[in-house]
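K.L.:
This is what each chain is made of:
Number of protein chains: 2
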Amino acid sequence: MNDTALTHPALLPVGLRDILPPEAELEARSVEAIMDCFAAHGYERVKPPLLEFEDSLFAGSGAATAEQTFRLMDPESQRMMGLRADTTPQIARLAATRLSASPRPLRLAYAGQCLRVRGTDLEPERQIAQAGIELIGLDAATADAEIILTAIEALEAVGLTQLSVDLTVPRLVPDLVDAKLGPVQPAALSRALDRKDSAGVAEHGGAAAPVLLALLEASGLVERAIPLLLAMDLPAPAKAQIARLAETVDVLRAARPELQLTIDPVEFRGYQYHTGICMTVFAAGEQAELGRGGRYLCDNEPATGITLYPDTITRLAPQPKLRPRLYVPFGTKAQDAAAARAKHFATINGLAPHPDPRAEARRLGCSHVFSDGQIVPLA
Amino acid sequence: MNDTALTHPALLPVGLRDILPPEAELEARSVEAIMDCFAAHGYERVKPPLLEFEDSLFAGSGAATAEQTFRLMDPESQRMMGLRADTTPQIARLAATRLSASPRPLRLAYAGQCLRVRGTDLEPERQIAQAGIELIGLDAATADAEIILTAIEALEAVGLTQLSVDLTVPRLVPDLVDAKLGPVQPAALSRALDRKDSAGVAEHGGAAAPVLLALLEASGLVERAIPLLLAMDLPAPAKAQIARLAETVDVLRAARPELQLTIDPVEFRGYQYHTGICMTVFAAGEQAELGRGGRYLCDNEPATGITLYPDTITRLAPQPKLRPRLYVPFGTKAQDAAAARAKHFATINGLAPHPDPRAEARRLGCSHVFSDGQIVPLA
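Same order as they appear, the protein sequences are chains V and G. If you're matching positions, the first sequence starts at 1 in full-length UniProt numbering and goes up one per residue. If you're matching positions, the second sequence starts at 1 in full-length UniProt numbering and goes up one per residue.
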């Protein structure tokens, strides 16, 4: 034994942490509830490996994750592998290869860990739990809406209510700027749009400035934003994107009249490979994202999906009731302990006789003790 | 999009694989059932990170995993990290550090993935799911037995019956050989013991040969083996180990009269850091191990634990009934679909009108279709 190292253990690397009781169980329960909801909507679970060759990991939508991916050499093949930083590219690989003959639309679900080379100030974690769904093979507003509605239902299954969905169309601004409205100063314009800075958009937007300012104005609750967007005079491709957004909102509204839906039509950063409607889900009054996703191309197939973040979800969700702890003194009949477990107690077995079972129960953090054939709460 | 890479994807690295429907869900269900059983017995879940600094990962019992561990440089600290090849050393670190003030015995549970640099011929997988428990702070036969009984109950919870537990005392042979019985040829003797080769043991066992041959003879079902072992004339430390084994068997027998229990008293390979009774669990008639564990020192605290292997368990367990798939044609009322999900159906939403919903249901692999307000099985 190298006792020195255990007695004076090194700290964990920045952004990596031990999850202790009861958080680890609460997180696992959240994931189970989310995955059961996904399964109830026909999303079939897959489990790609944590490691794969980097050339498959970085293909397609995976390219965006390359700089965040830990790489290591495979001693078997002498080729470089990556530890996944995101699961969606692996699901896309599966859809395009082993599941290419499966009927479309293909509905897949996953849950697992991802690792990132560096955290950010806002999100220092380098190991991130993900639970998500992908709907592959259909380009329709009903598909965009299904992903959002299923995610909302999964979040409600873990007890989160008062959810809010922010919709974006990240190709809208680049298309408008690139296509026809004249030269702009891209970096300065990006910053201005990102800060919702009207003056900066006016200064750096060039010929596109009036349209971009009108888009900036048309953000917020869909009830106000959609009519403004539909009334704008835009090139045909942009008009089509707005029409699709309006159609998706109609499907969402019909299913969920009470859901808070907002639009941010100038948002485009952080969506490097998305091709259509994207969404971020929040809990009311909280900055942290519960999930994020959107439409993309999966090996030339239309696809959409969303990833939920169990760490954040568990932190914000009401705590489910865990098994109360019952101390079962040494010599208690096995069937009595089994009966208590069937009543949803956790039985803590006394492994030797103890003169004061109540005191021992308290010492072990139990709320109940088995005494004279009864489950007795400790005062 | 890098379509070439997706269209002609690289194979996955040897020993790493995609788990597809329905296996991925079946495995997740197995893990849930196992972890719920562990929780019912008071084992509290923890979740250490996949990566940590190698000097903490390889401390204590972790030293045995060093050559099987993928290492990578942490760009934040410029120190080497390892991807865990086993979870037990991480649990030992937690018990000795952040949970050092928690009451003993400390009962912890975990479930997660491990990665290994190389597979073996028998076990080519390099990503291995683990679900296990550790009982830290008590050196008693009741503790040894609790670990085994809890594992058996967890395996029964996933539908495995006719289980068999092989008990070993890996310090027995080295203690006998080292202590007092004269010089031997260690490598040749190890091979002979490993093959249960009596002639080899006689040839290479030196003065220890008679005792080792008697041990070899005393293997098999506990009903036969324990009396033989108890009757042997052994040095005191070896006698104490046998007495402890017999005591543990008594506790197991009282709780589980029907459980098949065998002893292999000369087994000692593959247990590099174990200090007491070890166990391997099998399903009747199957070679594959369902779980393995034993007693060790956790930063000088007595500890025992067992790791179950969900991959193998899922392969051998009877399949639980997954949700039957119900096609819900476009335009079906949301409450009808929700009612079907509440009845444990997976609803597959029609995302556009279809002229022949039954044909579409079949194409999508559904067993049922929602038609005229009814859930109708497809012929």
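Treat the hints loosely; a few may be bogus.
Which copy is meant is left open, so a pair is good if it fits within one copy or across any two.
Within a straight-line C-alpha distance of at most 35 Å, the following computed DSBU-like cross-link-like pairs (lysine-lysine) qualify [as the list claims (entries may be wrong)]:
| no. | residue 1 | residue 2 |
| --- | --- | --- |
| 1 | Lys196 | Lys333 |
| 2 | Lys239 | Lys343 |
| 3 | Lys333 | Lys343 |
| 4 | Lys321 | Lys239 |
| 5 | Lys196 | Lys239 |
| 6 | Lys196 | Lys343 |
For the record, the hints were derived by calculation from the structure and aren't laboratory data.
K.L.:
Hints first: check each against the structure and report whether it holds.
P.N.:
How the hints compare with the structure:
1. Lys196 to Lys333: neither (68 Å within a copy, 40 Å between copies)
2. Lys239 to Lys343: neither (59 Å within a copy, 43 Å between copies)
3. Lys333 to Lys343: Classified as within; 16 Å inside a copy, 37 Å across copies.
4. Lys321 to Lys239: neither (49 Å within a copy, 47 Å between copies)
5. Lys196 to Lys239: within (22 Å within a copy, 79 Å between copies)
6. Lys196 to Lys343: Answer is neither: 55 Å inside a copy and 47 Å across each miss the 35 Å cutoff.
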